[in-house]
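Just so you know, the sequences run in chain order D and U. Residues in the first sequence are numbered consecutively from 63, following the numbering used here. Residues in the second sequence are numbered consecutively from 63, following the numbering used here.
Think of the hints as simulated: they come from the structure by calculation, not from any bench. Everything numeric in this text was worked out from a predicted model, so none of it was measured. Where hints are given, some of them may not hold.
Covered stretches of chain U (chain D as the covering partner; in silico rule of three or more C-beta atoms under 8 Å from a C-beta of chain D) [said to hold, decoys possible]:
#1 74–80
#2 198–209
#3 232–245
#4 254–261
Residues from chain D shown here face chain U by an in silico Cβ test under 8 Å; the list is partial [stated by the list, open to error]:
#5 Leu70
#6 Gly98
#7 Gly148
#8 Pro151
#9 Leu228
#10 Phe235
#11 Val238
#12 Pro239
#13 Pro240
#14 Leu241
#15 Glu244
#16 Gln245
#17 Ala250
#18 Thr253
#19 Tyr259
Using N, Cα and C, we set each Cβ at its ideal position, and we do this for glycine too.
Number of protein chains: 2
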Amino acid sequence: MSKVTSNLTISADGYSAGLNQTEKRPFGDDGGDGWGDKLHAWYSETPEEDRAEVDRLTAKAFIMGRNMFGPVRGEWDREWNGWWGGNPPYHVPVFVLTHYPRDPQPMDGGTTFHFVTDGIGSALAQAREAAGDGDVAIHGGATTINQYLAAGLIDELRLHIVPITLGAGTRLFDGVPPLNLEQVDSQATSTVTHLTYRVLS
Amino acid sequence: MSKVTSNLTISADGYSAGLNQTEKRPFGDDGGDGWGDKLHAWYSETPEEDRAEVDRLTAKAFIMGRNMFGPVRGEWDREWNGWWGGNPPYHVPVFVLTHYPRDPQPMDGGTTFHFVTDGIGSALAQAREAAGDGDVAIHGGATTINQYLAAGLIDELRLHIVPITLGAGTRLFDGVPPLNLEQVDSQATSTVTHLTYRVLS
Chain D
63 MSKVTSNLTI
73 SADGYSAGLN
83 QTEKRPFGDD
93 GGDGWGDKLH
103 AWYSETPEED
113 RAEVDRLTAK
123 AFIMGRNMFG
133 PVRGEWDREW
143 NGWWGGNPPY
153 HVPVFVLTHY
163 PRDPQPMDGG
173 TTFHFVTDGI
183 GSALAQAREA
193 AGDGDVAIHG
203 GATTINQYLA
213 AGLIDELRLH
223 IVPITLGAGT
233 RLFDGVPPLN
243 LEQVDSQATS
253 TVTHLTYRVL
263 S
Chain U
63 MSKVTSNLTI
73 SADGYSAGLN
83 QTEKRPFGDD
93 GGDGWGDKLH
103 AWYSETPEED
113 RAEVDRLTAK
123 AFIMGRNMFG
133 PVRGEWDREW
143 NGWWGGNPPY
153 HVPVFVLTHY
163 PRDPQPMDGG
173 TTFHFVTDGI
183 GSALAQAREA
193 AGDGDVAIHG
203 GATTINQYLA
213 AGLIDELRLH
223 IVPITLGAGT
233 RLFDGVPPLN
243 LEQVDSQATS
253 TVTHLTYRVL
263 S
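Produce the complete structure using the sequences and hints provided.
Printed below as a string of C-alpha cells:
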C-alpha cells in the first residue's frame, strides 16, 4: 500500500542542520567543524549497492521545504534550481513548499520541481496524485517534516542517527505533540544507526 | 581501565522524564499515558540474565541528582530514602547531589546514600575514591548527566532509545556544547535500541 515516508539524518541530539543556512553552508553554522559533512559522511561511506536499501529513495513523489530546496528567500529573484545540479537524484516530481509562486521547473533525468503556495495539505494531495500507487516522501528539512508529523500525515519515519551532537539548529520533533511509534527496524554500522519507526498516533 | 559511564533511557526526541515530577509520578506529567512506564517497559521485558549486559549496572559507585533520588525539595524535613525500598539495586555507595546537607544513609544490601553539597566535581572525586578500580556511573537524571557532559567528565554514554516522543520534559544534551562521539555499539530489540557512545570531546 502506498505510504507517506520520511527519511532524515540527524545528530544524536536530534538536529538535522545548524543555524544560519547559506548557499555555501546548506547545513548552516558548523562551528568550523563541517557539520553538514559530518552528518552525511555515513552516506558516502555506504556502498552504492546498499544505498537504495538504506535511504529508500524509492518514492514516486517528494515534498520539501523551501530551505531544503535552496538559500533564496522571498521572491524568486535569482535563478536557483536546487543544490543538485542539472540532473537531481529524484527523477520524479518534487513539490517545493513556498509562499512565492513560480512556474514548474523541469530538470534532466525526470525530476520536475513544482512550487506549492497553498500549504502542506495541498502539496501532499498533489504529490499523492503524482505518485499514483507509489510512496510519497516528505524529504525535509526537519521543519517541514515536523509540520507533517504534527498534522498526523506521516506513516513511516526513517532516521539515520550520527554520533555527534550539534547543540543548536533545526531539530526533528520540535513542536510536534507526543507520538506513539512502533520500531519496525533498527540497524547499525560503526558510524550510524538506522532506525525505522511506524507512526501510530 | 576505570571509566565514568552513564546509562539513560530516553524517548526518540531525547527526553528522560516529563515535566512536574511528584512522588506518585517520578517521571512527571505523562498526559495520562504513563510515560514512565512506557519509557521503561523495555527493561521489564528484558530477560533477567540479559539485564547486566544491557544496563551495565556494574559500576562501583553511582552519582545521581536529587530529583532522581526523590521528590523532596529544600530541607530534608521528611523521611525519604529513595524510590527503591529498603534494599536498593545499587549495592555500592551512591552520591546524591543536593544543596542541603544530610548524614549518610546506609541501606540494606550494601547501598549507602551520601549527600554531596559542594558540587559535581567533588561528587565525582568521592565516587572515584569509593569505586577504586571500578567504574563510576553518572546515573541520572538527564539534568545531572548534562552537567557532567558539559564539564567533559563522562567517558561513555549508553542510551536506550524508546519508540515514543514526549514533546516536553527533561532532555538529554540540553545546554551541552557540541560533542564528538564514537559509536562503539548499537543493538536493538523490537521495542528499544541500545546505543553506546564513547565521548571523544
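Hint-by-hint comparison with the structure:
Look at the stretch 74–80 of chain U against chain D: 3 of its residues bring a Cβ nearer than 8 Å to a Cβ of that chain, three or more, so the hint holds. Check on the stretch 198–209 of chain U: 0 of its residues sit with their Cβ under 8 Å from a Cβ of chain D, so the three-residue criterion for coverage is violated. By the rule of at least three residues with a Cβ nearer than 8 Å to a Cβ of chain D, the coverage given for the stretch 232–245 of chain U holds, with 10 such residues. Coverage of a stretch by a chain is defined here by at least three residues with a beta carbon nearer than 8 Å to that chain's beta carbons; for the stretch 254–261 of chain U and chain D the count is 4, and the condition holds.
Checking leucine 70 of chain D against chain U by beta carbon gives a least distance of about 12 Å; that is not within 8 Å, so the hint is violated. Below 8 Å, beta-carbon pairs count as interface contacts, and glycine 98 of chain D has none with chain U, the closest being about 13 Å; its hint is therefore violated. Taking 8 Å as the C-beta contact cut-off toward chain U, the hint placing glycine 148 of chain D at the interface is violated, the least distance being around 35 Å. A distance limit of 8 Å between C-beta atoms decides the matter here; for proline 151 of chain D the minimum to chain U is near 26 Å, and the interface restraint is violated.
Interface hint status for leucine 228 of chain D: upheld, as the beta-carbon distance to the closest one in chain U is roughly 6 Å, under 8 Å. With 8 Å as the threshold, the beta carbon of phenylalanine 235 of chain D comes within range of chain U, its nearest partner Cβ sitting at about 4 Å, so the hint holds. The beta carbon of valine 238 of chain D comes within 7 Å of a beta carbon in chain U, closer than 8 Å, and the hint placing it at the interface holds. At a threshold of 8 Å, the smallest CB-CB gap from proline 239 of chain D to chain U is about 6 Å, leaving the interface hint in force.
Look at proline 240 of chain D: its Cβ gets to within about 5 Å of chain U, closer than 8 Å, so that hint holds up. Interface restraint check: leucine 241 of chain D against chain U, minimum CB-CB distance 4 Å, threshold 8 Å, status holds. A cut of 8 Å between beta carbons decides the hint on glutamate 244 of chain D: the least distance to chain U is about 6 Å, and the hint holds. A distance limit of 8 Å between C-beta atoms decides the matter here; for glutamine 245 of chain D the minimum to chain U is near 4 Å, and the interface restraint holds.
A least Cβ separation of about 3 Å between alanine 250 of chain D and chain U falls short of the 8 Å threshold, and the interface hint therefore holds. Here the hint on threonine 253 of chain D is kept, as its CB sits about 6 Å from the closest CB of chain U, short of 8 Å. For tyrosine 259 of chain D, the interface hint holds, the least distance from its beta-carbon to any beta-carbon of chain U being 6 Å, beneath 8 Å.
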